[in-house]
Amino acid sequence: MANSIARTLSPGRRASLDGARGHAASVARSLGWIALPWLVPVACAVLWVLGSHYGWISAQILPSPTLVFDTLGSLASSGELWMHVSASLSRIAVGFTGGVVLGLLLGGLLGLSRTAEAYILPSFNAVVQVPVLGWLPFLMIVVGIGEPLKYLLIGHAALVPVTLSTLQGFRRTPPAYLDVARVFRYSRRQTIFNVVLPSAVPVIGTGIRLAFTKAWLTLVVVELVASSEGLGYLIVYGRQLFQLDLVLASVLIVGAIGYVADRLLTILEHKLSPARLA
Amino acid sequence: MATPSLELETGSGAIAGSGEQGKAGRWRGWVIPLGALLFWWFVSRHVVAGHGMMTSPAQVLHTAIDQARSGALRRALSASLARELTGFTLGASLGLVLGALLGVSPFANRLIGPSFNAFKQVSLFAWIPLISVWFGLGDVAKVVFLSLAALVPVVALTSDGIRAVSPALLDVARVFRYSKLQTVRYVVLPAALPSIFTGIYLALIYSWLATLGAEYLLVAGSGIGNTLVDGSEQFRMDLVVFGVIVIGVTGWALNALAHAIQQRWFRDPAA
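Respectively, the protein sequence lines represent chains A and B. Just so we're on the same page, the numbering used here is the position in the first sequence counted from 1, plus 8. Just so we're on the same page, the numbering used here is the position in the second sequence counted from 1, plus 15.
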């Protein structure tokens, strides 16, 4: 980061000494520096367009970009896309929210009470050792392949990081803050709400962002395995019909939604972690 | 920064936390598992006895012994672990090279970094259908997928670790007129090692998760994931529960192994 800033600034500084010609060169150089990240994606896109245009790659392996965007367009205009996206998003909304709320409660309980930690944490750790995919067949037999299966698995995926980060955030209150609280003779309640909780917020924020990544990953997996609508289903459906344009279009949407949500949560995380605590 | 997120992802923070309790309080951790086991045994015996979906602890134990004796467990587990280690080794080595390149060269970082970060955002499992078209359903496809899963954390944490080397340390190297090679060998590598190891640690966990995913979604061949699929398709709850337990124990063993190696050789001096 610092390196790249130095690189972008230094040509400009040198230019003021070298005069107009050096200036032009340095402008070109810093423009090149700005354009650099786009080189790889653009090169890939160009190769893709040329490759499918001249038939270097067969359409069964990689369909042409125009086909993928046409598919995307027709999905969007027919309203089918919206149906699948809203199915996926509503699953995420229920599962993720449920997982985060339960995770906050459980993490708070474990963080505040050593007794609760001694009883619950070992079992929690044992459950965590089995990844979501391990639970999938088990839950499929127990609750079937309907919506509850998705809510449970997404909720479980979100619950784990939130619980652990809440526990960690509560446990890692700087001792100096607790000393101050003791000096002011804060009650237990006051200590928790005015000292422990605010200092735990940044760690919890990181946990929630991680929870979303996991929940999104889980959503795709569950929909790949067992669903009749949603983005994951769209991918499987396209794969079964060998319509790779449909598969690629769905993967693009999955990536785009994941990216936007991650950005939003990062912004939220920065808003939540007050600089004065650092 | 890397350390708390590692603990969140692997639960190792929680494992460390329970260590503070001391030996006297250990028994309390067994209350819930034993209670659940008792409850399960009671329900399977007295409430829903004979119901097809319900299995009893004794039945699971019986299946476990059966699977272990017939060699089915050994075959499935060794197939899964061989796959996991191949994919992990490939992905982690590629990740180290790419991560080091991104960490050392600002040019490479500027060129590839943003594309890599965008790629990272696409949910890993969304690639499986494409991988199955390109590489089939066999071991090649699985190993490709596993390497991909292992590659991502190694690249991210290796390049972060190298870039986070304190400028003061690099200044000292410059004062001593270290050659480029010496700087990397004596300054950059030791400083970045904890972060690099964290990436490898995560890669091990991710590739285990991906092994299951690959066996589950690219159904061909044998493996512990296939045991689960079989059990679930035949509605054999005992086989499913057994599979879940094996997966949990294997994951725990991999986790504990990596944790022990980290504690022994790669302890972050700052933590």
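Treat the hints with caution; some may be incorrect.
[To be verified] Using 20 Å as the maximum straight-line C-alpha spacing, the simulated SDA-like pairs for lysine to any residue come out as follows: (1) B/K135 <-> A/L47; (2) B/K135 <-> B/V112; (3) B/K135 <-> A/R217; (4) A/K279 <-> A/Y267; (5) B/K135 <-> B/L152; (6) A/K279 <-> A/V191; (7) B/K135 <-> A/V48; (8) B/K135 <-> A/L218; (9) B/K135 <-> B/L92; (10) A/K279 <-> A/G263; (11) B/K135 <-> A/A269; (12) B/K135 <-> A/Y267; (13) B/K135 <-> A/P49; (14) B/K195 <-> B/L111; (15) B/K135 <-> A/I275; (16) B/K135 <-> B/A123; (17) B/K135 <-> A/A53; (18) B/K135 <-> B/G153; (19) B/K135 <-> A/V268; (20) B/K135 <-> B/G151; (21) B/K135 <-> B/D154; (22) B/K135 <-> A/W46; (23) A/K279 <-> A/L205; (24) B/K135 <-> A/D270; (25) B/K195 <-> B/R90; (26) B/K135 <-> A/L272; (27) B/K195 <-> B/V119; (28) B/K135 <-> A/V50; (29) B/K195 <-> B/L105; (30) B/K195 <-> B/L208; (31) B/K135 <-> A/L44; (32) B/K135 <-> A/L273; (33) B/K135 <-> A/G106; (34) A/K279 <-> A/V209; (35) B/K195 <-> B/K135; (36) B/K135 <-> A/A51.
Since the hints were made in silico from the structure, they are not lab data.
Here's how the hints hold up against the structure:
1. Restraint check for B/K135 and A/L47: satisfied, since their Cα atoms lie roughly 18 Å apart, inside the 20 Å limit.
2. Proximity of B/K135 to B/V112 is assessed by CA-CA distance (about 17 Å); at most 20 Å being required, the pair is judged to hold.
3. With a CA separation close to 15 Å, the supplied pair B/K135 and A/R217 stays within the 20 Å bound.
4. As the CA atoms of A/K279 and A/Y267 are separated by approximately 19 Å, the hinted pair is consistent with the 20 Å bound.
5. With a CA separation close to 23 Å, the supplied pair B/K135 and B/L152 exceeds the 20 Å bound.
6. For the given pair, A/K279 sits about 30 Å from A/V191 by alpha-carbon distance, which is inconsistent with the 20 Å threshold.
7. Annotation: proposed proximity of B/K135 to A/V48 holds, straight-line Cα distance about 15 Å (limit 20 Å).
8. Between B/K135 and A/L218, the direct Cα distance comes to roughly 13 Å. Compliance with the 20 Å bound is thereby established for this hinted pair.
9. Proposed proximity of B/K135 and B/L92 is contradicted: the alpha carbons are some 29 Å apart, above 20 Å.
10. Distance hint between A/K279 and A/G263 is unfulfilled; the C-alpha atoms sit about 24 Å from each other, more than 20 Å.
11. Distance hint between B/K135 and A/A269 is fulfilled; the C-alpha atoms sit about 14 Å from each other, no more than 20 Å.
12. Distance check on the hinted pair: B/K135 and A/Y267 sit about 9 Å apart at the alpha-carbon level, within 20 Å; holds.
13. Taking the CA atoms of B/K135 and A/P49, the gap is near 14 Å; set against the 20 Å cutoff, the hint holds.
14. For the proposed pair B/K195 and B/L111, the alpha carbon gap of about 19 Å is at most 20 Å, so the pair holds.
15. Between B/K135 and A/I275 the CA atoms are separated by roughly 18 Å; this keeps the pair inside 20 Å, and the hint holds.
16. A threshold of 20 Å between alpha carbons decides the hint, and for B/K135 with B/A123 the separation of about 17 Å falls inside it, so the pair holds.
17. With a CA separation close to 18 Å, the supplied pair B/K135 and A/A53 stays within the 20 Å bound.
18. For the proposed pair B/K135 and B/G153, the alpha carbon gap of about 24 Å is over 20 Å, so the pair is violated.
19. At roughly 13 Å between alpha-carbon atoms, B/K135 and A/V268 fall within 20 Å of each other, so this suggested pair holds.
20. A distance of roughly 23 Å separates the Cα atoms of B/K135 and B/G151; the hinted pair therefore is violated under the 20 Å criterion.
21. In summary, the hint linking B/K135 to B/D154 is not supported, as the alpha carbons are separated by about 23 Å, beyond the 20 Å threshold.
22. In summary, the hint linking B/K135 to A/W46 is supported, as the alpha carbons are separated by about 16 Å, within the 20 Å threshold.
23. For the given pair, A/K279 sits about 16 Å from A/L205 by alpha-carbon distance, which is consistent with the 20 Å threshold.
24. Of the supplied pair hints, the one linking B/K135 and A/D270 holds, its CA atoms being roughly 11 Å apart against a limit of 20 Å.
25. Proximity of B/K195 to B/R90 is assessed by CA-CA distance (about 49 Å); at most 20 Å being required, the pair is judged violated.
26. A C-alpha spacing of about 16 Å is found between B/K135 and A/L272, which places the hinted pair at or below 20 Å, so the restraint holds.
27. Between B/K195 and B/V119, the direct Cα distance comes to roughly 11 Å. Compliance with the 20 Å bound is thereby established for this hinted pair.
28. Taking the CA atoms of B/K135 and A/V50, the gap is about 18 Å. The hint holds against a cut of 20 Å.
29. The hinted pair formed by B/K195 and B/L105 fails the criterion: a straight-line CA distance of about 28 Å is larger than 20 Å.
30. Between the alpha carbons of B/K195 and B/L208 the distance comes to roughly 18 Å, so the proposed pair stays at or under 20 Å and holds.
31. Proposed proximity of B/K135 and A/L44 is supported: the alpha carbons are some 19 Å apart, at most 20 Å.
32. Straight-line distance between C-alpha atoms of B/K135 and A/L273 comes to about 16 Å, which keeps the hinted pair within the 20 Å bound.
33. Using a Cα cut-off of 20 Å, the hinted pair B/K135 and A/G106 is violated, with the two alpha carbons roughly 26 Å apart.
34. As the CA atoms of A/K279 and A/V209 are separated by approximately 11 Å, the hinted pair is consistent with the 20 Å bound.
35. Between B/K195 and B/K135, the direct Cα distance comes to roughly 31 Å. Violation of the 20 Å bound is thereby established for this hinted pair.
36. Between B/K135 and A/A51 the alpha-carbon distance is near 19 Å, which keeps this suggested pair within the 20 Å criterion.
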